[in-house]
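Chains as they are written, first to last, in the working numbering: chain A, 719 to 1005; chain B, 719 to 1005; chain C, 18 to 334; chain D, 18 to 334.
Simulated from the structure, these hints should not be mistaken for laboratory data. Check each hint, because a few of them may be wrong.
Straight-line distance between alpha carbons at most 27 Å, and here's what the computed DSSO-like set of lysine-lysine pairs gives [stated by the list, open to error]:
id: 1; chain 1: D; residue 1: K122; chain 2: A; residue 2: K874
id: 2; chain 1: B; residue 1: K839; chain 2: C; residue 2: K164
id: 3; chain 1: D; residue 1: K164; chain 2: A; residue 2: K837
id: 4; chain 1: C; residue 1: K310; chain 2: B; residue 2: K839
id: 5; chain 1: D; residue 1: K255; chain 2: A; residue 2: K874
id: 6; chain 1: B; residue 1: K874; chain 2: C; residue 2: K299
To give a feel for the contact side, a few chain C residues facing chain D, derived at Cβ under 7 Å [claimed, not checked]:
id: 7; residue: E138
id: 8; residue: Y141
id: 9; residue: G188
Covered by chain C, per the in silico footprint, the following chain B stretches (three or more residues, Cβ under 8 Å) [claimed, not checked]:
id: 10; region: 803-813
id: 11; region: 954-964
id: 12; region: 979-992
We treat Cβ as the ideally placed atom computed from N, Cα and C, and that holds for glycine.
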Amino acid sequence: MSIVDWFAKKEKRRHSSKKLNIPGDLWVKCLGCTEVLFLKDLEANLKVCPRCNYHFRVSPEERLKFLFDPDSFEETNAGIGPVDFLTFTDTEAYADRIKRAQKKSGVKDAVRTGRVLLKGKSVNVAIMDFGFMGGSMGSVVGEKITRLIEAGVENKHPVIIFTASGGARMQEGILSLMQMAKTSAALNRLAEVSVPYISVVCDPTTGGTSASFAMLGDVNLTEPGTLISFAGPRVIEQTIRQKLPKGFQRAEFLLEHGMVDRVVPRNEMRQLLFDVVMLLDPHGAEI
Amino acid sequence: MSIVDWFAKKEKRRHSSKKLNIPGDLWVKCLGCTEVLFLKDLEANLKVCPRCNYHFRVSPEERLKFLFDPDSFEETNAGIGPVDFLTFTDTEAYADRIKRAQKKSGVKDAVRTGRVLLKGKSVNVAIMDFGFMGGSMGSVVGEKITRLIEAGVENKHPVIIFTASGGARMQEGILSLMQMAKTSAALNRLAEVSVPYISVVCDPTTGGTSASFAMLGDVNLTEPGTLISFAGPRVIEQTIRQKLPKGFQRAEFLLEHGMVDRVVPRNEMRQLLFDVVMLLDPHGAEI
Amino acid sequence: MKTLAFETPLQELYEKIAQLKQLSHEGDVDLSREIERIEARADTLKKTIYTDLTPAQIVQISRHPNRPDSSSLFRLILENFIELHGDRAFRDDPSIVAGVGFLKKHRVMVIGHQKGHDTKENIYRNFGMPHPEGYRKALRLMKMAEKFSMPIVTFIDTPGAFPGLGAEERGQAEAIARNLREMAGLTVPVITVVIGEGGSGGALGIGVSNKVYMMEYAVYSVISPEGCASILFHDAAKSDITSKSLKITAPDIVALGVADDVIKEPMGGAHYDWEAAAASIKKVVLKDLNAYKKITNVKKIQEERYLKFRKMGQFSE
Amino acid sequence: MKTLAFETPLQELYEKIAQLKQLSHEGDVDLSREIERIEARADTLKKTIYTDLTPAQIVQISRHPNRPDSSSLFRLILENFIELHGDRAFRDDPSIVAGVGFLKKHRVMVIGHQKGHDTKENIYRNFGMPHPEGYRKALRLMKMAEKFSMPIVTFIDTPGAFPGLGAEERGQAEAIARNLREMAGLTVPVITVVIGEGGSGGALGIGVSNKVYMMEYAVYSVISPEGCASILFHDAAKSDITSKSLKITAPDIVALGVADDVIKEPMGGAHYDWEAAAASIKKVVLKDLNAYKKITNVKKIQEERYLKFRKMGQFSE
Ligand SMILES: [Zn+2]
Ligand SMILES: [Zn+2]
């Protein structure tokens, strides 16, 4: 929870692929190696720098395109939207923040959910959107994730969740915290019926999201370089009053510390997800 | 497993309360503080040094006397004895070792088992005897422990095991190793019927005994200063090529590292065992 | 005893009363009428102060160093309390205490965050901020409670889970997440009381329960008011604003459907009378234990807990 | 390739053959008859050497640095092998590898001790000696296999669990003990092959199985022959004696009722032909998987495993 949101905001600015103002075509500067890349090439390479392997953050739409069968996504619960039930105001009213984020993104909140085909296999998928208020989890994210998991309990298809979140959405107060319990409780029900749950932890995933469904996959996957933490790096630096070691809280660090099963390059993710799902799913047909 | 037996043997010599040759009465020298103590006083104090709190090792008979209701012990399977089925010989034949140990101790092997009353409550109890070939676990120890646990599965009374063992009895080869699996498997059955199992880890408990039933209590208790380890201190010193820190692998160290629930002075053990058993036992009557 | 700023006038009266009593004792004069008068004034003042507290003041009371801690409350509420230790994997975390005992005739497992009352104690208890092994100890013992059909009572009192290197290395997020999921499935009833500070995920990690109660001056929040202020206003000192807007006091938490009820504290707060606070908690918990004793269908207990959290959240559709 | 002492004469012949081949290639002379003659001699010698090995020599083969390792065997036996990592609490232990894959049409979970073939690899793999987190990773994945109804195949190949400070601190004994108990209760079949060195509790920690097989030149022992000799004779060099008296070779382990059968190795040992060794293992495991597929009553699987170990031990009564 905590100050990670703030950190996340800074991070967000740093990580978004800044478009360079070069006339004629769109170019972007790699955040890993500072190479200037032709946007179309970058996109053709799944938004991974061909030179330094830096994995750019991508939108839910891009993930759908990169990983799943074309036009197979059937979105669910797209109509659920946030409410400013605490009439929370700081430098800006929560109600206004919501409007602004919705207008900018064209979606109602920070996660999209639905059924999709993965190489022909039907799965329940949720993809969080760090671009929408730092992927913060309020009632909408919690409710949509929970409904998706409950759909898995019913339809017995594997559940795959791509997380990307600065943590709980504090403008919804205690109810944002409770989304951690709600989603995790739903995963307990999913486990009872032996439906596989794959968590794909994407950059960045911190706070309340990491301390709930992100860490609870039967298999936890992540992409190279992903920041995964409970407390954000800044908070910890304040606590220990020294700089953090390089690579701390990154995907490879978590692999070493036993928290994730694999760090998966984006171009291998589709095949790996398919294999994992086929191997674990006791409800699916045999190959 | 491993070289701990050898170490244990050395330890045994060091720890047995050496009787001093003072005419008239029996005196012993404390191994903790070197105070010379009148044997009768020491025994009245449950074989704990009144000066330095050193807990002397005690025999199964002494433990029965110190902790359970007088004359309530009904021994089971006392007739099971060891067999030299590998005709194992080193500097002495295993068959001869057995005979010597049996003659010295008057019992057939390194554990006594049965039903006993603890402040009026019926429990299944096993008490290992470090004095019998270093409390090593061969087929007899494994079988008697297993039968005791299986008795618990049947009669639903709590199971309490006092361990004291240098590990597996290598003169019985691979079958001594398999006693770890046999006893642990029995504990799995006991857990399935929700009968409490209290492990009281006594000095010393190492190797195959610690890596099976000794560490598997719903509640693990131990006495102050008890040596508890998988690998013996000597083996580890050989591995790391330096002296071990003081207190390493002792009861208090294991408490700090989360392996045991409590370090219990001997004079509090009876009451604590009773309380724990009354609190955990779902099959017992309410107080 | 440490005095909070808004308690100062009251504290001054108490000191005056103490002086007068000493005087009348030593000087052998009768000051009883004067003392009575000031005592009455103190009572009135106490009521005035404590019936109109701001959320920021309540936050202060919830963190009062003299508030009763989990371990002391266990000893006041239970008979034969036996503390149990360790996660069986890495370390015994002193910032979570747990054990078994009888609450009247009920065998119960109790688990709570543990703060200290002075610096030394607080350092040992890590100011009530658990590491992953604390949550893992809690889970081990909750599973044990389930095995032996013992209801679970948890006390929440933490600024949050510890944000440190070792905690991150050993999976703070994983430990909390796992507890949330596993608590949801427990077949025994779980009753939680927020006895002081309910700080974020570190609090919730032992709080996925059938019943949740707020002590009158306890708070429960997704983020500390200071943390929230430093993010939103870049100024931690603006926590008086955020402590209000976050809606973290007992009545707010009940109104939002997160807690079931408020447990009244002794006038002025639990730190004035631990026994009275313990008695109030005991009464509420006992009532629930008696009620749950009658439910033999564990599915109902699981279902109740699931639905409790399932309902939480407000959105448009 | 490292040569064991008793293999030296054979190795000399192989070198000679290589020389002659080179000679006939370079000098354009026909030495094929001479080569054939020596090859025949080598074959005979190989048979002679490997049909009358002492237990001490078998111990050497079981530890041969070129023996196929778990991970390589998984890749040879399975399709779509996916390694899974981590204990979700402290560390991913490289001395135990695990993952999922298809063995023919069977979804299986595989787990094995992992040694290296050279110094660098061995240091990374800690010479196949796991820490507690290795056993905890194994247990996590066995529970996952159970959840998804996947049979479990384990490969044993370890000198033993690591005897070190960190391992003791983090509960080596607890980790192994827990695995023994939990494996006993698994509702899915477990098939174990001792592929090399079966060292003590560290081996058994992934070996409480329905079926246990010994590779022809594998050993399984409560203690290493050297360790046993140093205890009993105060002389580790007397391990030729103890390697005999401990009864640790494949036929002994079967005779004692601990293993079900021996899996033949390619002539000279698995290190001469990994593919052939893998094929032999695959055949045996596949037969079992097909048989277990027909058992839908999980109680039967648990009962079989329980009784297997329940019977072990010899005593008078
Ligand atoms: Zn780059
Ligand atoms: Zn002494």
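Here is what the structure says about each hint:
no.: 1; hint: D/K122 <-> A/K874; verdict: holds (21 Å)
no.: 2; hint: B/K839 <-> C/K164; verdict: holds (21 Å)
no.: 3; hint: D/K164 <-> A/K837; verdict: holds (24 Å)
no.: 4; hint: C/K310 <-> B/K839; verdict: holds (24 Å)
no.: 5; hint: D/K255 <-> A/K874; verdict: violated (60 Å)
no.: 6; hint: B/K874 <-> C/K299; verdict: violated (32 Å)
no.: 7; hint: E138; verdict: violated (25 Å)
no.: 8; hint: Y141; verdict: violated (20 Å)
no.: 9; hint: G188; verdict: holds (6 Å)
no.: 10; hint: 803-813; verdict: violated (count 0)
no.: 11; hint: 954-964; verdict: violated (count 0)
no.: 12; hint: 979-992; verdict: holds (count 3)
In terms of the numbered hints stated before, the structure departs from hints 5, 6, 7, 8, 10, 11, listed from lowest to highest.
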